[in-house]
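Colleague: Required output: the full structure, derived from the provided sequences and hints.
Each chain is listed here by its residues.
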Amino acid sequence: MSGLTNSEDLKVVPGEFLTGNVQPLLHEIRHAMGRLLDEGEATVIDLRSIPLAPGEEDRLLRELGRGEVAAHLSALGPSELVESRFPGVWIVTHYNSDSEVIGRFIEVCDMPGLLKAQQDDIRDGLAALEARLACSTDA
Amino acid sequence: MSKDNTLGEILRKQGVSRRGFLKFCAATASLMALPPGMAPVIAQALEKARRPSVIWLSFQECTGCTESLTRSYSPTVEGLIFDAISLDYHHTLMAASGTAAEAAREAAMEQSYGNYILVVDGSIPTRNAGFSTIAGVSNRDMLLDTARGAAAIVAVGTCAAFGGIPHANPNPTGAVSVSDLIKDKPIINVSGCPPIPVVITGVLAHFLTFGAIPDLDSHGRPVAFYGKSIHDRCYRRPFYDRGLFAESFDDEGAKSGWCLYKLGCKGPTTYNACATTKWNEGTSFPIESGHPCLGCSEPDFWDGGGFYKAISTPTEDIGRTAVYAIGGGAAAGLALGAINRAKRNKAEKEHEQVTIDDLEKGD
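Taken in order, these protein sequences are the chains called A and B. With our numbering, letter number 45 in the first sequence gets 45, and the count goes up by one each step, no holes. With our numbering, letter number 192 in the second sequence gets 192, and the count goes up by one each step, no holes.
Hint data in this document are derived by calculation from the structure and do not stem from the laboratory. Think of the CB as a built atom: it goes at the ideal place given N, C-alpha and C, for glycine as much as any other residue. Treat the hints with care, since some could be wrong.
Label-pair ranges, simulated between beta-carbon atoms [claimed, not checked]:
(1) Arg66(A) / Gly37(B): 19 to 27 Å
(2) Ser256(B) / Gly113(A): 41 to 49 Å
(3) Pro170(B) / His31(A): 55 to 63 Å
(4) Lys255(B) / Gly113(A): 44 to 52 Å
(5) Pro40(B) / Thr93(A): 18 to 26 Å
(6) Gly37(B) / Ala117(A): 17 to 25 Å
(7) His31(A) / Tyr113(B): 46 to 54 Å
(8) Gly65(A) / Lys255(B): 29 to 37 Å
Modeller: Okay, structure coming up:
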């Protein structure tokens, strides 16, 4: 977690208005990472619920950076699930069908739940595959 | 679509995957200003929720509230909320008109008596029933009749919640709010001129999810959205705390994004979710666009003493203001405005008729 503790002197970009909420958010993420390691407890932070000045969300995302994993989901519009440069810290962005952001969350967990295949979907998929094979001439 | 279908079944029939449903629930939790950890609870409740009937009545209003809602930006989430309700009557949106429209309202009331949600936008005139009628029925009578079988009433917009602009001084129609007339039903006030669309759908989603009305503040508004002042959540708040204010709309303070308090911002006395939920696809809100908050979600905001006067400024005598402005050699535009105000004031006293042309004249 050295990357987080070393970011005390976040660069202030001229012209950006500041709420000062980026630094506390990074500390919240640091605590959440500790909880995930020690107790296995996941944390979700809704960025919509926190006042951020223009440019501050971008600063937060720049601080978190991009790590090894990036996944795209297509369900009710696209979603992007990107692991930050701090393993276990995921940036989850949901878009609607017009590609407008409808929610952005920081998830501190092993893997966001949305990436897992869901039982209902597997059941539907199995039925679809069985139907496909039943119709197939070479089945 | 049958009212007996649950939301889970409806979405499944529309080809929405479980993953899509979970995404919908995460966005809905955010929409309802609930902690993200509530998403699984919402998923469980919404899956079993059945489509409630909604009757929407519009009285003395400008249709801005309906515009706000129908132009909301996330069809995949808010559209689904609307798929999840049965909007049985809304005379602006429904295809039917006249007798057929009124028959639809009466049928919806009969079929879902005691269970439907009544949404109202607009204030209700009490001075003369003829000021606003629908199909020959006065707004007051239609409200009282329709409210009788409602499970809950959502007063959408400041007009329905507090009387709004029709209620502003001198209130020529005797406009009142829904809660002035209805005393025996749960009423949720979703104020704002117009209200934020996601707040409207968030309230409906809450009712759909939990089958109960959300926690309300002293003005009957959902605490989740109206619990904090604009000022408390404003990104310009640090400038207020440091005493850095814009003094005019084009000074260095304004260009540097300093606090708009001295330009009349009503953020400190206004409770709403604009600063975090924002408008226009989450792009910004008035203060972010450089304009003070007008306080539109508060009662009597139109009579608050001037949109561009700081809250701390006492409401001064207009006649004296005119003298000071001219005597001090103020800019021509300001003097002109003051003279016009003085003229209007004089006209009011003498009961003269003043036309737009009179007000636009410089002398």
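Colleague: If a hint holds in the structure, say so; if it doesn't, say that too.
Modeller: Here is how each hint holds up against the structure:
1. Arg66(A) / Gly37(B): 19 to 27 Å: 25 Å, holds
2. Ser256(B) / Gly113(A): 41 to 49 Å: 43 Å, holds
3. Pro170(B) / His31(A): 55 to 63 Å: Between Pro170(B) and His31(A), where Cβ atoms are some 57 Å apart, the hint holds.
4. Lys255(B) / Gly113(A): 44 to 52 Å: Holds, since Lys255(B) and Gly113(A) (Cβ atoms, about 45 Å apart) stay within the stated range.
5. Pro40(B) / Thr93(A): 18 to 26 Å: 20 Å, holds
6. Gly37(B) / Ala117(A): 17 to 25 Å: This hint holds: roughly 22 Å between Cβ atoms.
7. His31(A) / Tyr113(B): 46 to 54 Å: 52 Å, holds
8. Gly65(A) / Lys255(B): 29 to 37 Å: Hint holds: Cβ distance 32 Å, inside 29 to 37 Å.
Of the numbered hints listed earlier, not one is contradicted by the structure.
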